[in-house]
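Visitor: So you can see what is in the structure, the chains are spelled out below.
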Amino acid sequence: MKKRSDVVGVVLLLLVLLVGPLLVPVSVAGAAVYAVIYAVAAIGLSLLMGLAGQVSLGHAAFFAVGAYTQAILVTRYEVNGVLAAVAAVAMAMIVGLLVGLPLLRLRGHYLALATLGLGIIVTVVAIETPFLGATSGIFGIQKPDFGGRVYDSPDEYLWLLAPVIVLGIILARNLVDSRIGRALGAVNDSEVAAETLGVDTFRLRLKVFVLSAGYAGLAGVFFAHWLAVVNPNAANFALSVEFLLIAVLGGLGTVWGAVVGGFAVEFLDEGLRDFIPVIVPGASGEVQLIGFGVILTLVMIFLPGGLHQAFRAVTGLRAPRSGSVPSAPASEGRIDPDQGKIPTNLTSQGSPESVGEGALLVREGRPAPGTTLLEVQGLTKRYGGVVAVDDVDFDVAAGEIMALIGPNGAGKTTCFNMISGVTAPSGGSVVLSGQRIDGRKPHVFARHRATRTFQNLQVFSSSSVLGNVMVGRHLRSRVGLVRSMLGFAARTEERAIVAAARQMIGMVGLAEDADRPAADLPFGRQRLMEVARALATEPDLLLLDEPMAGLSGAERRELAGLLRRLRSGGMAIVLVEHDVEAVLALADRVAVLDDGALIALGQPDEIRTDPAVLAAYLGVEDDDPEAAAAVRDLAAEDAEGAR
Amino acid sequence: MSDFFQLLVAGLSQGAIYALIAMGFAAIFSVSEIINLAQGEFAAMAGLVALSATGAGLPLPMAMMVALLTVGIVAVVMQRLTIAPVKKMTTLTSIILTLGVSTALKALMLLIYGPEARGLPALPGSNFVVAGVSIRAQDLWILGITLVVASAVVFFYDRTVLGKALRACAEQPVAARLVGISPRKATTLAFLIAGLLGAVAGLLASPISLTQWDSGLTLGLKGFVAATLGGLVSIRAAVFGGLLLGVLEALVAGYIDSGFRDAVAFVVLIVVLVARPGGVFNRQAQARV
Chain A
1 MKKRSDVVGV
11 VLLLLVLLVG
21 PLLVPVSVAG
31 AAVYAVIYAV
41 AAIGLSLLMG
51 LAGQVSLGHA
61 AFFAVGAYTQ
71 AILVTRYEVN
81 GVLAAVAAVA
91 MAMIVGLLVG
101 LPLLRLRGHY
111 LALATLGLGI
121 IVTVVAIETP
131 FLGATSGIFG
141 IQKPDFGGRV
151 YDSPDEYLWL
161 LAPVIVLGII
171 LARNLVDSRI
181 GRALGAVNDS
191 EVAAETLGVD
201 TFRLRLKVFV
211 LSAGYAGLAG
221 VFFAHWLAVV
231 NPNAANFALS
241 VEFLLIAVLG
251 GLGTVWGAVV
261 GGFAVEFLDE
271 GLRDFIPVIV
281 PGASGEVQLI
291 GFGVILTLVM
301 IFLPGGLHQA
311 FRAVTGLRAP
321 RSGSVPSAPA
331 SEGRIDPDQG
341 KIPTNLTSQG
351 SPESVGEGAL
361 LVREGRPAPG
371 TTLLEVQGLT
381 KRYGGVVAVD
391 DVDFDVAAGE
401 IMALIGPNGA
411 GKTTCFNMIS
421 GVTAPSGGSV
431 VLSGQRIDGR
441 KPHVFARHRA
451 TRTFQNLQVF
461 SSSSVLGNVM
471 VGRHLRSRVG
481 LVRSMLGFAA
491 RTEERAIVAA
501 ARQMIGMVGL
511 AEDADRPAAD
521 LPFGRQRLME
531 VARALATEPD
541 LLLLDEPMAG
551 LSGAERRELA
561 GLLRRLRSGG
571 MAIVLVEHDV
581 EAVLALADRV
591 AVLDDGALIA
601 LGQPDEIRTD
611 PAVLAAYLGV
621 EDDDPEAAAA
631 VRDLAAEDAE
641 GAR
Chain B
1 MSDFFQLLVA
11 GLSQGAIYAL
21 IAMGFAAIFS
31 VSEIINLAQG
41 EFAAMAGLVA
51 LSATGAGLPL
61 PMAMMVALLT
71 VGIVAVVMQR
81 LTIAPVKKMT
91 TLTSIILTLG
101 VSTALKALML
111 LIYGPEARGL
121 PALPGSNFVV
131 AGVSIRAQDL
141 WILGITLVVA
151 SAVVFFYDRT
161 VLGKALRACA
171 EQPVAARLVG
181 ISPRKATTLA
191 FLIAGLLGAV
201 AGLLASPISL
211 TQWDSGLTLG
221 LKGFVAATLG
231 GLVSIRAAVF
241 GGLLLGVLEA
251 LVAGYIDSGF
261 RDAVAFVVLI
271 VVLVARPGGV
281 FNRQAQARV
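Top to bottom, those sequences are chains A and B.
Quick note: the first sequence uses our numbering, first residue 1, plus one each step.
Quick note: the second sequence uses our numbering, first residue 1, plus one each step.
What the hints contain is simulated information worked out from the structure, not anything from laboratory work.
Think of the CB as a built atom: it goes at the ideal place given N, C-alpha and C, for glycine as much as any other residue.
Hints should not be assumed to be uniformly reliable.
Claimed, not checked - When the alpha-carbon atoms are kept at most 20 Å apart in a straight line, the in silico SDA-like pairs for lysine to any residue are as follows: (1) K87(B) <-> G305(A); (2) K87(B) <-> L303(A); (3) K88(B) <-> N188(A); (4) K87(B) <-> Q309(A); (5) K87(B) <-> T188(B); (6) K164(B) <-> K185(B); (7) K88(B) <-> L167(A); (8) K88(B) <-> A310(A); (9) K88(B) <-> K164(B); (10) K88(B) <-> L457(A); (11) K87(B) <-> K185(B); (12) K87(B) <-> K441(A); (13) K87(B) <-> S461(A); (14) K87(B) <-> F302(A); (15) K441(A) <-> V274(B); (16) K88(B) <-> F302(A); (17) K87(B) <-> A310(A); (18) K88(B) <-> L303(A).
As the list claims (entries may be wrong) - Some residues of chain A that are not near chain B, with every Cβ distance over 12 Å (derived): (19) V26; (20) G434; (21) G487.
Whole structure, please, built from the sequences with the hints as guidance.
Guide: Printed below as a string of structure tokens:
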């Protein structure tokens, strides 16, 4: 736990769970037992929705798997309760893995509907299987006993639950604030940008889903012992809706929200079950669902952040994205002279003060300047009958700046998308550092030490500038899910990540904006932030899609200077840019695309006078035979030259 | 062999019901990218409303009209009150939101009509036997009406200006707005169509599989699976998917174990998605950058 509010929360919760039972009637304590058990399940669901952006509509299935496993192990095989619980949680996680493996690659609604189906399946299997006790379920589960104490009253059971839920909360809170939580938060803001920074969305989502199944399984264990019987109702749809409501009402992704939601929904449930038969005579069955459904709908419409959002509004605390920091248009274009400073430990040579001189971001083991890093051959993209990119070949070597120019719609961004794995090519190959990567996902591209920025900005808008750039350090740090949850191991690494991210921010001249919400930045500065974010991955190959757009003249010069210094450090840079003069001044080589085809490739001076290029830019018609012939010849020649 | 044909007939008849529900999913999803989890509730509600109308003495055709009208209104009101006010509709939001509505509708039906399962009287006609296969008149009604409704829906989308406009809305929202089609109106219309399709399914299914406050849960899930087989946007493929799912279920129930009937949809969903990950859904696979 890093925050004081978490410590306060834990102390309060322990007070409620340890002292509370002595002060309230047994019936209230009984309801509180269910509230805590359901809250444990909802914490997992809240992580799944808040972090992975996915929803499970059948979370009771995992709850039931945990409960049945525990019940069978302790009643039939007399396994020790704690060992059985470990097995029960593992079982729920295995089922989660099997369901998540095929479905999490796809968009959100498949997991939602499949888990809804899973709830039905688990019920069917439980009813149909004699081993699981069919409709009557499994009886005779003993109340747990530890150290000569039997936890058989609501008060005692709450004391048993207290350390469990507190541990569950701490682990979950650590995860939210960790490298993994940050990466998943970024995925929710912009999946494609997070992936080009090396985040393997599928793996992380799968891990969170399996974890959430584990939380539900753990809740099932305590449910089995408390109720002493487990029957097919444990996988009930109504219970899945209740878990979902707890998480949604509390606020998605907020661990504490799930705890508060657990109590709120459980008491609502009890209240509705008592109240509805009074106003609707003869009502029986799952009548509380009406309240669940109505509240779920109202919360989604009017309070999508749940009670957490309401709490923040009341206490005046603001979420980082709510715009509490005014945007500062006046500062646009103003460059603080000190911000050009290079972080000394990232510089190999030259004086830090002289912008445009020393090499930046030199890396041990990077291919020597002149070595081919990226080889693109026959790259083609067809959309139906339209050929957006047609048989494009080029190479990029370490330590060079190459520009990709061409009229609108020439296929420049499509090229970038295919190289970086954002879209799969229809044909051709992309080889990066000797490995074919065409058709692979963007995180594979990033793993080969390459990354990109976007023409249409892909800002992680629920985070600060620093938070955005920290995501860029994802591949340069390694603490995984388990160590993130345990917390202590991650501290040192977090400090290093912050330090490196701040250096990158300083390098692009955004130091004064580092702690502002990224969404509040003016357009041009968001672009610079994306450059810093990309640099944070310490790439060998950097693709920049219109990095100059929206920048002031001074900012453009700063950026050009930065790019030159990165080149001196051995980085290969490919940029798509509309400002042709800026490009010709900066680039070592220029590739010109027109109508999807590579029509010229050469040094800026050659490009400046190339008739085919002039034709493309000035719009000479194909039926002008002389120009057309020139275009063909030059294209052929250049294609040769490129090989 | 007559066993097989018997199962085939039962499967096609049940599959036609799934097809109607699946068309409802596709109608809404293709316009607004919303998965409407209340789709099954439209069917259950139609059955229950018609049941109470016949109980009040209305003749069956009248009761069915009342049910269609009621569900049509409920679908439109649902869209106006719960879908329209949400500015940023993500997949997650739409799923939770429509689950909320569907849960509330379920509970409302439980409160109004109680927990018993009941069935509407079958449509007129006598059952007969062909080559050892007994065919219920209701099966023929179901298949016939589904065929007519599906053709009408396909005709609507492919041949009428309004239908084409709805398509345009899904594919090019900005362009559609420029030529005067509001995505909002289109979504309302899509909900109306989905509501009516669901209601027809519920009315046709009720005499055979009975109607209960929570029948919509499994009906909705199976309709979704059927729609997924067809990529969620194609009406024709949704019909095909529904029939296929119905037949598979009947065969599993007949040759393996009737208890596992409800598991078929889930297994089919997983198999389809594993076999063609992302490919089931080509239009969606491209992230816009």
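Visitor: Take the hints in turn and mark each one as holding or not.
Guide: Structure-based check of all given hints:
no.: 1; hint: K87(B) <-> G305(A); result: holds, 14 Å
no.: 2; hint: K87(B) <-> L303(A); result: holds, 12 Å
no.: 3; hint: K88(B) <-> N188(A); result: holds, 14 Å
no.: 4; hint: K87(B) <-> Q309(A); result: holds, 17 Å
no.: 5; hint: K87(B) <-> T188(B); result: holds, 15 Å
no.: 6; hint: K164(B) <-> K185(B); result: holds, 14 Å
no.: 7; hint: K88(B) <-> L167(A); result: violated, 35 Å
no.: 8; hint: K88(B) <-> A310(A); result: holds, 19 Å
no.: 9; hint: K88(B) <-> K164(B); result: violated, 25 Å
no.: 10; hint: K88(B) <-> L457(A); result: holds, 19 Å
no.: 11; hint: K87(B) <-> K185(B); result: holds, 15 Å
no.: 12; hint: K87(B) <-> K441(A); result: violated, 31 Å
no.: 13; hint: K87(B) <-> S461(A); result: holds, 17 Å
no.: 14; hint: K87(B) <-> F302(A); result: holds, 11 Å
no.: 15; hint: K441(A) <-> V274(B); result: holds, 18 Å
no.: 16; hint: K88(B) <-> F302(A); result: holds, 12 Å
no.: 17; hint: K87(B) <-> A310(A); result: holds, 19 Å
no.: 18; hint: K88(B) <-> L303(A); result: holds, 13 Å
no.: 19; hint: V26; result: holds, 29 Å
no.: 20; hint: G434; result: holds, 26 Å
no.: 21; hint: G487; result: holds, 28 Å
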